[in-house]
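Given only the sequences and the hints, what does the whole structure look like? Please build it.
From first to last, the protein sequence lines stand for chains Z and S. Sequential numbering from 1 applies to the first sequence in our numbering. Sequential numbering from 1 applies to the second sequence in our numbering.
If you are wondering where the hints come from, they were derived from the structure by calculation, not from laboratory data. Note that the coordinates shown come from a computational prediction; the quantities given were computed from them, not determined experimentally. It cannot be assumed that every hint is accurate.
Think about it this way: if two alpha-carbon atoms lie no more than 30 Å apart in a straight line, the pair counts; the simulated DSS-like pairs of lysine-lysine are [to be verified]:
| hint | chain 1 | residue 1 | chain 2 | residue 2 |
| --- | --- | --- | --- | --- |
| 1 | S | K178 | Z | K76 |
| 2 | Z | K60 | S | K182 |
| 3 | Z | K41 | S | K178 |
| 4 | Z | K35 | S | K289 |
| 5 | Z | K25 | S | K168 |
| 6 | Z | K67 | Z | K2 |
| 7 | S | K289 | Z | K60 |
| 8 | S | K168 | Z | K60 |
| 9 | S | K195 | Z | K35 |
| 10 | S | K131 | S | K3 |
| 11 | S | K178 | Z | K29 |
| 12 | Z | K60 | Z | K41 |
| 13 | S | K285 | Z | K40 |
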Amino acid sequence: MKIEVLGMGCANCNKLYQNVLEAVKMSGKEIEVTKVEDIKKIMGYGVLSTPALAIDGVVKVAGKVPKAEEIHGWIK
Amino acid sequence: MLKQFAAYVVFNLFGLEPGTHLGEAMNFFIYDTVKVFLLLTVIIFFVAMIRSYFPPERTRRILSRERQYLGNGLAGLLGIVTPFCSCSAVPLFIGFVESGVPLGVTFSFLISSPMVNEVALVLLLGLFGLKIALMYVGTGLLVSVIAGIAIGKLGMEKYVQDYIYQMKVGSAEIPQQKFREKVQYARDYTKDLLKRIWPYVLVGIGVGGFIHGYVPSDFLIKYAGPGNPFAVPVAVLIGVPLYSNAAGTIPIVQALMGKGMPIGTVLAFMMAVTALSFPEAVILKNVLKMRLLLVFFGIVAVAIVGVGYLFNAIL
Numbered sequence: 001m002k003i004e005v006l007g008m009g010c011a012n013c014n015k016l017y018q019n020v021l022e023a024v025k026m027s028g029k030e031i032e033v034t035k036v037e038d039i040k041k042i043m044g045y046g047v048l049s050t051p052a053l054a055i056d057g058v059v060k061v062a063g064k065v066p067k068a069e070e071i072h073g074w075i076k
Numbered sequence: 001m002l003k004q005f006a007a008y009v010v011f012n013l014f015g016l017e018p019g020t021h022l023g024e025a026m027n028f029f030i031y032d033t034v035k036v037f038l039l040l041t042v043i044i045f046f047v048a049m050i051r052s053y054f055p056p057e058r059t060r061r062i063l064s065r066e067r068q069y070l071g072n073g074l075a076g077l078l079g080i081v082t083p084f085c086s087c088s089a090v091p092l093f094i095g096f097v098e099s100g101v102p103l104g105v106t107f108s109f110l111i112s113s114p115m116v117n118e119v120a121l122v123l124l125l126g127l128f129g130l131k132i133a134l135m136y137v138g139t140g141l142l143v144s145v146i147a148g149i150a151i152g153k154l155g156m157e158k159y160v161q162d163y164i165y166q167m168k169v170g171s172a173e174i175p176q177q178k179f180r181e182k183v184q185y186a187r188d189y190t191k192d193l194l195k196r197i198w199p200y201v202l203v204g205i206g207v208g209g210f211i212h213g214y215v216p217s218d219f220l221i222k223y224a225g226p227g228n229p230f231a232v233p234v235a236v237l238i239g240v241p242l243y244s245n246a247a248g249t250i251p252i253v254q255a256l257m258g259k260g261m262p263i264g265t266v267l268a269f270m271m272a273v274t275a276l277s278f279p280e281a282v283i284l285k286n287v288l289k290m291r292l293l294l295v296f297f298g299i300v301a302v303a304i305v306g307v308g309y310l311f312n313a314i315l
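Quick look at the structure:
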């Protein structure tokens with residue numbers, strides 16, 4: 001499984017990244033978390049608002065910062 | 001009922017004398033604080049609920065079918081209800097242009113979205129009344145439509161950064177939230193936003209309360225009052241480099257109005273601060289060539305100055 005945090009480095013993107021790390025820790029799984037900051041790649045996902053979150057290439061949420069518990073629900 | 005509550009707190013609990021400067025200022029402060037925070041909580045929550053039905057992906061779909069004029073008006077209106085933060089300006093701009101939304105219509109959206117929002121509406125409503133709040137929203141829309149049409153008419157498509165036209169935008173289906181989740185998000189959003197803006201709001205009300213209870217000086221009147229025809233453009237020029245959201249401008253707005261600066265000049269200042277800023281220019285430089293960036297700032301600034309004069313003339 002891999003999680004991508006899409007965003008060009010705004011404050012909310014960092015917050016989302018932290019929440020993802022926390023969720024991964026909760027799940028106890030080995031999950032690859034990457035930040036995608038290249039606008040071309042972000043647009044490739046069809047996302048218009050950042051931060052956004054993609055799990056295995058599927059966009060789960062855009063323009064919001066879900067809580068760690070919520071992200072945990074998607075990856076467990 | 002709020003009035004009685006505020007009076008009770010100030011004159012009975014704090015034991016201040018009615019009629020004194022301090023007493024009246026405190027009374028005004030408490031009354032306004034309670035009123036504004038109640039309004040903020042209710043309206044931010046309500047707007048957040050509406051917004052959850054207008055994600056930018058949907059707004060883009062609606063606008064890509066629209067042409068000039070009607071499209072500009074619609075973009076201005078959608079700018080109010082589509083959630084937007086300046087950090088999303090780049091993907092949003094690319095997504096709009098790529099899906100065939102005309103450039104001018106895209107700009108109408110980009111102008112109205114940060115300028116006309118629920119926080120500005122509530123604060124103006126709570127502190128200056130319905131008339132001024134509606135005037136701000138109405139003319140904010142007007143500025144976004146006029147500036148958008150002007151940019152569209154200038155045919156500046158070639159001054160968008162070249163790479164944007166080569167971009168391929170994917171079409172992700174962003175999962176729709178259930179109603180319960182929307183309520184949850186709206187609640188969290190309201191809490192977060194209030195947490196972020198409360199200091200500005202308090203200071204803003206405090207400044208107002210202070211001026212209410214004490215005698216306003218006429219220092220500003222002399223330089224920025226109705227007698228000075230250059231007050232509006234100067235206020236806009238001062239406002240452009242400043243960067244703040246609507247809440248952050250309220251303390252200054254309160255102070256300026258209290259000192260007798262005319263409403264048009266004050267609203268023009270507020271619009272300039274929220275709609276145009278250096279950080280925004282830096283972000284937009286990613287998608288616009290310098291020429292279009294300057295034209296954008298120029299047109300919006302001129303439109304805001306026009307609105308300032310209009311208000312000063314009719315009020």
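*Given the hint that K41 (chain Z) pairs with K178 (chain S), does the C-alpha gap stay at or below 30 Å?*
28 Å, holds
*Taking only the CA atoms, is the gap from K131 (chain S) to K3 (chain S) under or equal to 30 Å?*
With Cα atoms ~21 Å apart, K131 (chain S) and K3 (chain S) stay inside 30 Å; holds.
*K178 (chain S) and K76 (chain Z): Cα distance at most 30 Å?*
Given that 30 Å is the threshold and the Cα spacing comes to 21 Å, the pair holds.
*Taking 30 Å as the top limit, are the C-alpha atoms of K35 (chain Z) and K289 (chain S) close enough?*
Answer holds: K35 (chain Z) to K289 (chain S) is near 27 Å, not above 30 Å.
*Take the C-alpha atoms of K289 (chain S) and K60 (chain Z), compute the straight-line distance between them, and say whether it is at most 30 Å.*
33 Å, violated
*Given the hint that K285 (chain S) pairs with K40 (chain Z), test it: the Cα-Cα distance must not exceed 30 Å.*
16 Å, holds
*Keeping to a limit of 30 Å between CA atoms, is the pair of K178 (chain S) and K29 (chain Z) held or broken?*
28 Å, holds
*Quick one, are K25 (chain Z) and K168 (chain S) close enough, alpha carbons at most 30 Å?*
35 Å, violated
_K60 (chain Z) paired with K182 (chain S) [C-alpha distance capped at 30 Å]_ = 15 Å, holds
*asked:* Tell me if the straight-line CA distance from K60 (chain Z) to K41 (chain Z) falls inside 30 Å.
replied: Holds. K60 (chain Z) to K41 (chain Z) sits at ~16 Å (cutoff 30 Å).
*Does the alpha-carbon distance linking K67 (chain Z) and K2 (chain Z) stay inside the 30 Å limit?*
Since the Cα atoms of K67 (chain Z) and K2 (chain Z) sit roughly 18 Å apart, the hinted pair holds (cutoff 30 Å).
*Given the hint that K195 (chain S) pairs with K35 (chain Z), does the C-alpha gap stay at or below 30 Å?*
Distance of about 27 Å is within 30 Å: holds.
Checked against the numbered hints given earlier, the structure breaks hints 5 and 7 and satisfies all the rest.
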